[in-house]
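A.B. asks: Those protein sequences? They're chains D and E, same order as listed.
For the first sequence, numbering that gives the first Met the number 0 begins at 0 and goes up steadily by one.
For the second sequence, numbering that gives the first Met the number 0 begins at 0 and goes up steadily by one.
Rather than coming from a laboratory, the hints here were simulated on the basis of the structure.
Where hints are given, some of them may not hold.
The list makes no distinction among identical chains, and a pair is therefore deemed to hold if it is satisfied within one copy or across any two copies.
[As the list claims (entries may be wrong)] When the alpha-carbon atoms are kept at most 25 angstroms apart in a straight line, the in silico SDA-like pairs for lysine to any residue are as follows: (1) Lys221 with Gly312; (2) Lys31 with Ala57; (3) Lys221 with Leu310; (4) Lys357 with Asp343.
2 protein chains.
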Amino acid sequence: MERFVYRNPTELVFGRGSVDLLSEYLPRLGRKVLFVYGKGSIRKIGLYDRVLVAARTAGVELVEFPGIEPNPRVSTVRRAREEARRAGVEGILAVGGGSVIDAAKLIAVSHSYPGDPWEIVREPLRVTSALPLGVVLTHAATGSEMNANSVITNEETDEKLGWAHPLAYPLFSILDPHITRSAPRDQTVYGVVDMMAHVLEQYFHDARNTPIQDAWQVSLLKEILAAGRKVVENLDDLDARETLLLAGTLALNGTLSLGLRGDWGVHAIEHALSAVYDIPHGAGLSVVYPAWMRYVAPRKPERFRRLFLELFGTEDLEAGIRALEKAWRELGAPVRLWQLGIADEARFPYLAQKAVAKEGATTGRFAVLTAEDVEAIYRLAAMPLE
Amino acid sequence: MERFVYRNPTELVFGRGSVDLLSEYLPRLGRKVLFVYGKGSIRKIGLYDRVLVAARTAGVELVEFPGIEPNPRVSTVRRAREEARRAGVEGILAVGGGSVIDAAKLIAVSHSYPGDPWEIVREPLRVTSALPLGVVLTHAATGSEMNANSVITNEETDEKLGWAHPLAYPLFSILDPHITRSAPRDQTVYGVVDMMAHVLEQYFHDARNTPIQDAWQVSLLKEILAAGRKVVENLDDLDARETLLLAGTLALNGTLSLGLRGDWGVHAIEHALSAVYDIPHGAGLSVVYPAWMRYVAPRKPERFRRLFLELFGTEDLEAGIRALEKAWRELGAPVRLWQLGIADEARFPYLAQKAVAKEGATTGRFAVLTAEDVEAIYRLAAMPLE
């Protein structure tokens with residue numbers, strides 16, 4: 000293990016019916032709170048009304064800021080920050096999935112920052128204070144509800160970058176499996192892929208002596224896949240929804256990377272894609288991961304063999320990759336770029352430059368990849384399916 | 000899963016050489032700090048001197064309170080609290096194992112409490128404030144370094160009771176495997192048994208739909224046993240020490256009981272023993288657990304079969320219990336009361352009453368046991384070994 004410091008102060012409020020507790024938690028955010036949400040799906044499931052009722056019960060005034068888009072944009076954060084400042088809110092309530100939470104984190108930490116929010120994305124150490132942030136999660140996927148990470152897109156520069164700061168942990172996050180049951184099929188599947196990808200990014204590491212972390216990573220992957228298979232059979236399967244909801248949080252709350260540093264190259268390669276094409280992050284991941292594996296596994300096979308043996312009963316690299324593709328295809332996720340309508344191979348060099356831009360000239364850690372490597376991975380992701 | 004709220008604010012500082020960071024962390028406890036430790040083993044390994052140097056570097060004044068005993072006593076806590084009040088300290092530094100930390104927690108939360116500290120042990124909700132508590136852990140076992148639990152003995156009443164309060168979480172805990180390497184063989188083995196017992200107490204639950212928790216519990220048990228076997232081969236095995244150090248923390252920092260409530264009857268049955276006989280907690284656990292299993296497994300076999308299959312490749316109840324006994328005996332732990340010099344069967348009814356006293360008339364949750372049940376378990380723990 001490598002030396003580490005770990006502290007996760009988020010209060011997790013989990014379980015069937017837990018959204019009823021919102022009125023008890025809301026006052027922790029202040030008397031006037033910016034209520035941030037997405038494109039209105041929370042209205043369809045009645046959650047919007049429940050939030051208003053909770054605020055009335057709690058005596059908390061809400062200032063609404065709807066319209067956070069998937070792959071949330073820094074321009075939206077700018078507008079939200081203006082609204083928060085104008086209204087004089089004391090805290091932020093994010094009701095939605097990872098995109099809404101990620102945007103809310105940047106609103107919270109940039110509230111009293113004098114410069115542009117994008118400066119924080121590029122240099123998170125600029126953060127010195129944050130408004131308190133509460134979350135009601137509607138979708139199991141990103142883990143943003145119990146970590147300090149956020150991913151923001153700059154549509155002017157075609158950049159999609161992750162950033163993190165200790166002040167970006169939510170104060171509380173309410174996770175109710177009843178609510179995630181309303182997530183539609185494709186979004187549910189992309190959530191499953193996303194959380195599996197988070198575990199995989201941590202599984203591919205070079206740290207020594209990590210037997211507990213390795214075992215927990217592999218068993219979490221197994222349980223996510225098992226619950227994912229159940230939920231695509233029956234989107235109303237509350238047990239499977241509940242398992243996925245906890246899994247998404249545990250996949251990225253820091254537990255699985257105690258004492259190790261994961262790869263995260265696949266995320267960079269995917270972010271370059273979804274910054275330009277505005278595809279769902281999970282769909283991009285299920286396309287990029289097999290291609291990344293085909294490129295990396297022959298060069299560094301040991302951890303791949305172990306993973307595939309545990310998950311699919313094979314140590315053969317190509318057989319393992321195909322088994323993962325098969326599992327994701329059976330869930331309904333794409334595994335090639337052309338399934339997402341991306342066929343313009345001439346743009347691969349541009350995308351590859353984007354993927355390696357933040358780190359300098361490479362991305363990834365377990366597999367350190369240059370722009371040329373990333374281009375080769377995009378080409379592998381464009382292959383025909385046999 | 001059952002509905003739950005989870006928040007663990009302790010900052011974990013983990014890894015080889017991490018004790019060097021003490022001078023950076025000490026000022027968080029204040030300018031004048033009560034330095035609590037045990038019987039002086041920290042002097043032998045040079046840790047005492049390192050603490051003094053760190054305090055000098057940090058400009059923090061230490062007020063020493065040595066002599067915390069294993070199975071720490073409320074009378075000792077009373078004296079420490081007097082000393083803390085007299086000296087006007089602003090925080091507590093605990094350097095030691097679970098006993099030192101548990102005592103320090105009660106000192107911290109009772110500092111401004113007007114009544115006797117034992118009242119808090121009996122009714123933890125009396126706590127309204129606490130001094131900040133920092134920890135340097137010397138021994139992998141109890142998990143007290145990253146939870147809000149404490150166990151205190153009242154020698155006047157032969158009681159040994161656990162209590163917990165959210166204000167009892169350490170502010171920070173420094174875990175350096177180099178330091179745990181000095182733990183002697185028997186203490187090391189009892190630590191291994193203790194952390195396995197913590198996982199088992201959580202494994203034996205009645206909650207539905209807990210596939211992730213179950214998988215993580217079982218794999219943690221496997222990894223603790225594997226590292227335990229290595230460390231008794233070579234007490235200097237730094238990798239095994241490091242694994243056990245993280246395992247002890249993860250075994251009882253709340254992760255494994257998200258959404259479920261464990262049994263904890265074996266702990267109550269053992270606490271009655273070690274309150275009266277002053278035996279090491281881990282040695283008591285390795286004696287009580289097989290007896291508890293022999294009593295409970297035939298009545299409620301399903302989770303036992305699954306456990307034994309995963310750990311020892313058998314679904315036979317008696318074969319599984321014997322395999323666990325064999326594993327613990329090979330580590331060097333006792334599995335019968337007479338191995339601890341306890342042969343007075345006439346005291347079993349008295350002990351059994353102690354075991355069920357706190358909860359009312361029963362102990363345990365997965366297996367609800369009356370005093371008569373507990374007596375029968377003590378008798379099973381007194382059986383000859385074939």
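A.B. asks: The structure should be examined with respect to each hint, and the outcome stated for every one.
C.D. replies: Structure-based check of each hint:
Taking the shortest Cα distances, Lys221 and Gly312 sit within 25 angstroms of each other both inside one copy (12 angstroms) and across copies (20 angstroms). Taking the closest pair of Cα atoms, Lys31 and Ala57 come within 25 angstroms of each other only inside a single copy of the chain (11 angstroms); across copies the shortest separation is 41 angstroms, beyond that limit. Taking the closest pair of Cα atoms, Lys221 and Leu310 come within 25 angstroms of each other both inside a single copy (7 angstroms) and across two copies (18 angstroms). Taking CA atoms no more than 25 angstroms apart as the test, Lys357 paired with Asp343 passes inside one copy only; the shortest distance there is 23 angstroms, against 71 angstroms between copies.
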